[in-house]
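Protein chains: 2
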Amino acid sequence: MINKLVSKIQKLNAPVVVGLDPMLGYVPEHIQKAAFDEYGETLEGAAEAIWQYNKGIVDAIHDLIPAVKPQIAMYEQFGIPGMIAFKKTVDYCKEKDLVVIGDVKRGDIGSTSAAYAVGHLGKVQVGSNTYAGFDEDFATVNPYLGTDGIKPFIDVCKENKKGIFVLVKTSNPSSGEFQDRLIDGRPLYEHVGEQVAKWGEEHMGDSYSYVGAVVGATYPEMGKVLRKVMPKSFILVPGYGAQGGTAEGLRPYFNEDGLGAIVNSSRGIIAAYKQEKYSQFGPENYADASRQATIDMIEDIASIF
Amino acid sequence: MINKLVSKIQKLNAPVVVGLDPMLGYVPEHIQKAAFDEYGETLEGAAEAIWQYNKGIVDAIHDLIPAVKPQIAMYEQFGIPGMIAFKKTVDYCKEKDLVVIGDVKRGDIGSTSAAYAVGHLGKVQVGSNTYAGFDEDFATVNPYLGTDGIKPFIDVCKENKKGIFVLVKTSNPSSGEFQDRLIDGRPLYEHVGEQVAKWGEEHMGDSYSYVGAVVGATYPEMGKVLRKVMPKSFILVPGYGAQGGTAEGLRPYFNEDGLGAIVNSSRGIIAAYKQEKYSQFGPENYADASRQATIDMIEDIASIF
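The listed protein sequences derive, respectively, from chains A and B.
FYI, the numbering used here numbers position 220 of the first sequence as 220, with every residue one higher than the one before it.
FYI, the numbering used here numbers position 67 of the second sequence as 67, with every residue one higher than the one before it.
Source of the hints: derived by calculation from the structure; they are not laboratory data.
Given the structure is predicted, the values throughout are model-derived calculations rather than measurements.
Do not take every clue at face value.
Which copy is meant is left open, so a pair is good if it fits within one copy or across any two.
Pairs of lysine-lysine residues, derived as DSS-like cross-links and limited to a Cα-Cα distance of at most 25 angstroms, are as follows [unchecked claim]:
| # | residue 1 | residue 2 |
| --- | --- | --- |
| 1 | Lys87 | Lys123 |
| 2 | Lys88 | Lys232 |
| 3 | Lys11 | Lys96 |
| 4 | Lys123 | Lys33 |
| 5 | Lys87 | Lys4 |
| 6 | Lys158 | Lys123 |
Generate the whole structure from the sequences, applying the supplied hints.
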C-alpha cells in the first residue's frame, strides 16, 4: 500500500491528500434539505447529508489526487449513523482507487491496540470466517503508550500490506506542551521520531516504510530535523492552508527524491465554495469549487520543487 | 456525574469498575452458538454474542459495583455491528444505574476533539434537534496533543456534567518509553499529571474534579507521587489482577478519605469462569462466576483500608 501511494503520487505529480472532515455546517443547504426531507432532522439525516456531500467531492476530485483522509471524529459525533457514513465513504473512495488514510488517532496497549488494528486495517475472525470492519489502507496512531501500543498495529499491517502514520509533532498551537519538552537535550518529538524510524525498519516497502509519521506543516524547522531522523518514513503533513502552513514551508518535509511527504488539506478543499476566492461557484457547484481548489493546491505545492 | 460516582462508591463500599472488554474467545460456547444460529458466523453474529455475554454479566453484578468501563476497541474490531453492540451495552448499563466510563482513548485538536467529545459525552445539533451519539458518562482521553486537545472535552463536559480520565501513566510494560523520560528532572507523566490538576480546577464537583487520570496499578511508586500531584483528581487504575497489580500496591492511589481512586478489572471478572479458582461454575454459569469474582475483588480491595 505504501508502494501504491508512492506510485500514485508520482503518476499524478501530486503529494496531496484531501481530508474528508465534513462538518454539517459545510454541507450546502440543498444537500441538507434533501437528506432531512428523506430522514428528518435526525442522526440518519445528518449522516446522509455528509455522505452525499462527500460523494460529490470524491466524484469531482478522485482523478487528481492519490489519497483521501477521512477524519473519523467528524462521523463519530453522529453516533452509529455517522459511523455508517464513515464506512460508506471509505468503501466509495476505495472503489475510486484512492488510498484511504483513516485519521482515527487510535492507540492503546497489547490486545486492545490489536483490536483497533484489526478493526481498521485487518480482518477479524468470526467462527470460520474473517471480516474487515472498516478496512482503511492506513491509520493514524498515537504513540503515548510506547512500543506495546504500536507493535500490534505493525503486526496487523504486515499481514495486510497496510500502514500507519504515528503522531510525532502535531500542527496545533499547544502541541509543544509535551511534544517539545527536552529530554536529554532533544525534544520529545525527536525521540518519538527515532522510534518511528526504528519501528519502520520492521515493515519496509520498496523505497519507503509502511510506518510513517504525522508532522504539522505549521512547524517547518521541526519538519527539517524530523525528515533527517526518519529518512525512510513518509510524513503526513496536516496544517497546510486553513491552519497557516505555506507551500514554501513544506520543502523541508520532502526528501531529495521529491518524495517522502504527503500534504493534507481538509476545509481548504472540501469547503472551498465558502471562500471568497471560489465564491463564484456557489453552493450548488461546491464540488467544482473543491476541484478548482485541489488543482490550485497541487500547483502551489509543485512550485516548491 | 463525578458526585454520583463518589456517592455510589461510598454506598457500595466498592471503589471498583468492571471492564467490559469482551473478546469472542471469552464468550461461552452456548452463547456463541445461539448468536451464530440466528445471524450466522458474521459480524452481526459476533456482535450479538458479545452483547448477550455482556448482558449476562451486567445482570449478575450491577448491584455490586458503581461503574463499568467498556473498552470500545473490542467492539470496533467488529465494524458497524460491533459499534451497535457497544452502544447497546452503554445504554443497558445506564438503565441499570451504572456509571459508564467509555474507554475510548480519543484525542485530537480543536474542532476534531470537540467532535469526539460531542459524540461520546455531549449532544450534536442536527437542524433544530440535538442527539447524543454514544452518551457515556466519562471518557478516557490521550494527552499527547496538549491543552488544545483536552480543552474541547472539558467544555463539553461542563455543559453535560460529564467527565474525562486523562492517560497519565499507563499500565503496560513499555509505558516508560516516553512517559518516564525526564524533563527538567521529573518524568513526563508528572508533567502531564500537573496539567491534569490544572485542567481539573476548571470543572470541579463537590469534592473531586470531573477531570481524572489513568495511572496503572503496575506502578505503585508512581501512583504515590501522582496522588500528591493531582489531589482532587480521581485516579482510574487499570492493571489490577491479570496484568499483575496487587491490592497491597493500590493503597497509594487513594487519598486519606479512602476515596480518589477506582480500580478496574476486566478479564479477571468477565472471564472469571475460565480461571481455575472459579472453574466450578462452568461456562453455563459464567455470570455467576463473574459475580463471585467481583465480590472477591471488592473484599480484596477493602482489606487495604
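Now for the hints, and whether the structure bears them out:
Within a single copy, Lys87 and Lys123 get their C-alpha atoms as close as 15 angstroms, and across copies as close as 22 angstroms, so both meet the 25 angstroms cut-off. In this homomeric assembly, Lys88 and Lys232 never come within 25 angstroms of each other (Cα to Cα): the closest approach is 32 angstroms inside a single copy and 44 angstroms across copies. With identical chains, the CA atoms of Lys11 and Lys96 are at most 25 angstroms apart within one copy only, with a shortest distance of 16 angstroms there and 57 angstroms across copies. For the homomeric pair Lys123 and Lys33, the shortest alpha-carbon distance between copies (21 angstroms) is at most 25 angstroms, but the shortest distance inside one copy (37 angstroms) is not.
Taking CA atoms no more than 25 angstroms apart as the test, Lys87 paired with Lys4 passes inside one copy only; the shortest distance there is 21 angstroms, against 36 angstroms between copies. Taking CA atoms no more than 25 angstroms apart as the test, Lys158 paired with Lys123 passes inside one copy only; the shortest distance there is 12 angstroms, against 39 angstroms between copies.
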